[in-house]
Amino acid sequence: MIPNFDNSPSCPKALKKTPHMTFNQASALPFLRRLASCQLGCMHQYRTIATAIGLTGMLAVLAGCATPNQLEALDNASSPIMASSGPSIQSAAKRNAESRIDNKTTRAAVAPSTALKSIDPLSDTTQTVASLEAPIELWDRIRRGYRMADLQNDLVTDRELWYSSRPDYIQRMTERSSKYLFHIVEELERRNMPTELALLPFIESAFNPQAVSSAKAAGMWQFMPATGTYFDLKQNIFRDDRRDVLASTRAALDYLQKLNTMFGDWHLALAAYNWGEGNVGRAIARNKKAGLGTGYTDLNMPAETRLYVPKLQAVKNIVTNPDAFKTELPLIENHPYFQEVTISRDIDVALAAKLADVNLADFKALNPSAHRPVILAAGTPQILLPWDSAKVFQRNFEAYTLGQYASWTTWTVPSTMAPSEAARRTGMTESDMRSVNSIPPRMLVKVGSTLLVPRSAKVINDVTSHVAENGQMSLAPEIVTRRVNVKARKGETVATLARRYRVSTLEVADWNQITAHSSFKLGQSVVLFLPIKAKTTSKRIVKAKVIKRAPQK
Numbered sequence: 001m002i003p004n005f006d007n008s009p010s011c012p013k014a015l016k017k018t019p020h021m022t023f024n025q026a027s028a029l030p031f032l033r034r035l036a037s038c039q040l041g042c043m044h045q046y047r048t049i050a051t052a053i054g055l056t057g058m059l060a061v062l063a064g065c066a067t068p069n070q071l072e073a074l075d076n077a078s079s080p081i082m083a084s085s086g087p088s089i090q091s092a093a094k095r096n097a098e099s100r101i102d103n104k105t106t107r108a109a110v111a112p113s114t115a116l117k118s119i120d121p122l123s124d125t126t127q128t129v130a131s132l133e134a135p136i137e138l139w140d141r142i143r144r145g146y147r148m149a150d151l152q153n154d155l156v157t158d159r160e161l162w163y164s165s166r167p168d169y170i171q172r173m174t175e176r177s178s179k180y181l182f183h184i185v186e187e188l189e190r191r192n193m194p195t196e197l198a199l200l201p202f203i204e205s206a207f208n209p210q211a212v213s214s215a216k217a218a219g220m221w222q223f224m225p226a227t228g229t230y231f232d233l234k235q236n237i238f239r240d241d242r243r244d245v246l247a248s249t250r251a252a253l254d255y256l257q258k259l260n261t262m263f264g265d266w267h268l269a270l271a272a273y274n275w276g277e278g279n280v281g282r283a284i285a286r287n288k289k290a291g292l293g294t295g296y297t298d299l300n301m302p303a304e305t306r307l308y309v310p311k312l313q314a315v316k317n318i319v320t321n322p323d324a325f326k327t328e329l330p331l332i333e334n335h336p337y338f339q340e341v342t343i344s345r346d347i348d349v350a351l352a353a354k355l356a357d358v359n360l361a362d363f364k365a366l367n368p369s370a371h372r373p374v375i376l377a378a379g380t381p382q383i384l385l386p387w388d389s390a391k392v393f394q395r396n397f398e399a400y401t402l403g404q405y406a407s408w409t410t411w412t413v414p415s416t417m418a419p420s421e422a423a424r425r426t427g428m429t430e431s432d433m434r435s436v437n438s439i440p441p442r443m444l445v446k447v448g449s450t451l452l453v454p455r456s457a458k459v460i461n462d463v464t465s466h467v468a469e470n471g472q473m474s475l476a477p478e479i480v481t482r483r484v485n486v487k488a489r490k491g492e493t494v495a496t497l498a499r500r501y502r503v504s505t506l507e508v509a510d511w512n513q514i515t516a517h518s519s520f521k522l523g524q525s526v527v528l529f530l531p532i533k534a535k536t537t538s539k540r541i542v543k544a545k546v547i548k549r550a551p552q553k
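Anchor point for the sequence shown: position 433 equals 433 in our numbering, and the numbering is continuous, going up by one each time.
Think of the hints as simulated: they come from the structure by calculation, not from any bench.
Just so it is clear, the structure is predicted and the values come from calculations on it, not from any experiment.
Some hints could be false.
[What the hints assert, rightly or not] Derived DSSO-like pairs (lysine-lysine); straight-line CA-CA distance at most 30 angstroms:
#1 K391 / K354
#2 K216 / K234
#3 K216 / K391
#4 K288 / K258
#5 K258 / K179
#6 K234 / K258
#7 K364 / K391
#8 K289 / K179
#9 K490 / K458
#10 K326 / K179
#11 K364 / K179
#12 K446 / K490
#13 K487 / K458
#14 K234 / K179
#15 K234 / K289
#16 K458 / K354
#17 K364 / K234
#18 K234 / K354
#19 K487 / K234
#20 K216 / K446
#21 K364 / K354
#22 K446 / K179
#23 K354 / K326
#24 K234 / K490
[Stated by the list, open to error] Ranges between beta-carbon positions, derived for each pair:
#25 N470 / E340: 22 to 28 angstroms
#26 Y146 / A285: 47 to 53 angstroms
#27 W411 / E328: 50 to 56 angstroms
#28 T261 / T157: 58 to 64 angstroms
#29 R286 / T157: 25 to 31 angstroms
#30 P414 / S525: 54 to 60 angstroms
Every residue, glycine too, gets a C-beta built ideally from N, C-alpha and C.
Sequences and hints are given; from them, build the entire structure.
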């Protein structure tokens with residue numbers, strides 16, 4: 001029931017005329033409208049009436065009579081606004097008053113200094129509301145995540161013309177990127193990084209994970225060997241994680257975040273990614289000393305770095321508005337292209353592709369770090385497969401009964417030897433030994449090296465994790481020798497002659513088909529194979545004039 005407000009001297013007449021009535025949906029709205037014209041003091045005076053109808057502070061705010069802060073102050077200065085209706089109201093108020101006396105707290109009532117106005121209806125806003133619909137294609141998702149400042153200069157225009165005049169090149173790059181872009185965008189969004197960075201492999205490698213630069217940078221993110229090692233990218237004879245899709249992306253984003261934190265600017269971070277953080281830092285220091293600007297366009301840098309950000313900006317502009325550049329981007333769905341699958345056994349690359357029912361080239365494109373014909377489970381426990389092929393692989397893997405999954409294993413070289421000798425001991429041809437293990441001509445395999453060799457049916461165990469993680473191959477130049485005949489001296493033995501010509505005793509004995517303890521007669525002809533010494537050309541020595549330089553400050 002809603003009681004009368006007739007006894008309230010400050011209540012509007014509209015409320016005084018309100019008779020006792022049942023509080024239902026039909027009567028609530030007109031009552032709240034009339035209540036909205038009350039001042040807060042009116043509600044304070046008749047808080048007991050308010051509690052009788054279960055009126056809360058939130059109701060007062062919604063009615064437009066007060067703000068939450070004002071009602072909180074009001075509630076702190078008086079009994080609670082909300083209480084159960086009926087006879088329990090007085091007892092609740094009494095308990096509350098007694099509690100305040102016990103706590104010896106005395107606070108003055110708080111009331112607003114001016115009359116409160118009712119809340120006006122919400123007006124139309126001019127702010128852009130983000131779409132709640134997920135983008136259908138990945139290009140749209142990339143556009144929504146742009147956060148880097150745009151670069152506008154003649155170099156950007158030049159690169160726009162360069163790319164837009166090569167539609168075949170753009171088509172190859174973008175189609176190649178369709179396997180990897182979704183994962184990169186996911187990682188960028190998870191780290192709250194600009195999605196423009198997903199386009200960076202277009203500049204670095206044209207999205208080719210097998211790309212190798214003249215400076216030995218590898219993978220679609222183009223990591224140098226030392227930088228890759230710093231960011232935990234394993235590089236051994238079985239795999240190169242600089243080419244790995246997941247590992248290299250993780251390392252590249254780690255590096256870019258580090259550089260952005262260091263320089264506080266994404267353009268400078270990109271310059272450092274290309275040129276090196278030390279070089280960019282020194283260039284900034286030089287400009288500061290000279291009183292010049294320290295932005296990307298202010299620094300003196302190599303031509304490649306000068307074009308680096310303009311290239312990325314040009315690709316960004318083309319992706320943003322391909323029609324303006326008469327370019328057509330292939331449809332890349334906003335859906336994962338691949339998923340990880342765990343392998344429990346060593347497996348040949350060709351067999352893994354066959355069990356997944358995937359073209360071998362496509363399998364290698366998703367697993368580019370495996371640069372040997374076998375994947376070692378102890379070192380690479382997961383492989384990437386197209387989304388719909390993962391279950392096919394798992395089903396066929398479990399049902400495979402045609403022998404071992406891997407036809408290769410490892411062998412540790414017991415002593416430095418020629419590839420031909422290593423091939424003879426492991427039952428391979430020399431050409432196969434060189435091809436499988438990438439052994440160049442005129443090189444010896446040093447002791448302790450790990451080589452990939454055929455796996456016999458007797459080998460049950462897979463390659464251990466220690467070998468899979470740490471296997472390396474060391475090479476030494478092959479020594480070219482020539483046959484010579486020397487004359488033995490008086491009392492010469494195999495050992496003394498070997499020492500004289502700096503060869504081994506066993507080699508001398510083997511070359512002459514005698515024992516290592518044999519002796520020679522005076523003047524006896526002995527066969528030796530001695531290394532051919534490189535001819536040295538005498539050069540005129542020119543004395544250089546010494547110039548003293550002042551130390552750099």
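(request) Of all the hints given earlier, name the ones this structure violates by number, lowest first. (result) 3, 8, 9, 12, 13, 15, 19, 22, 23, 24, 26, 28 and 30
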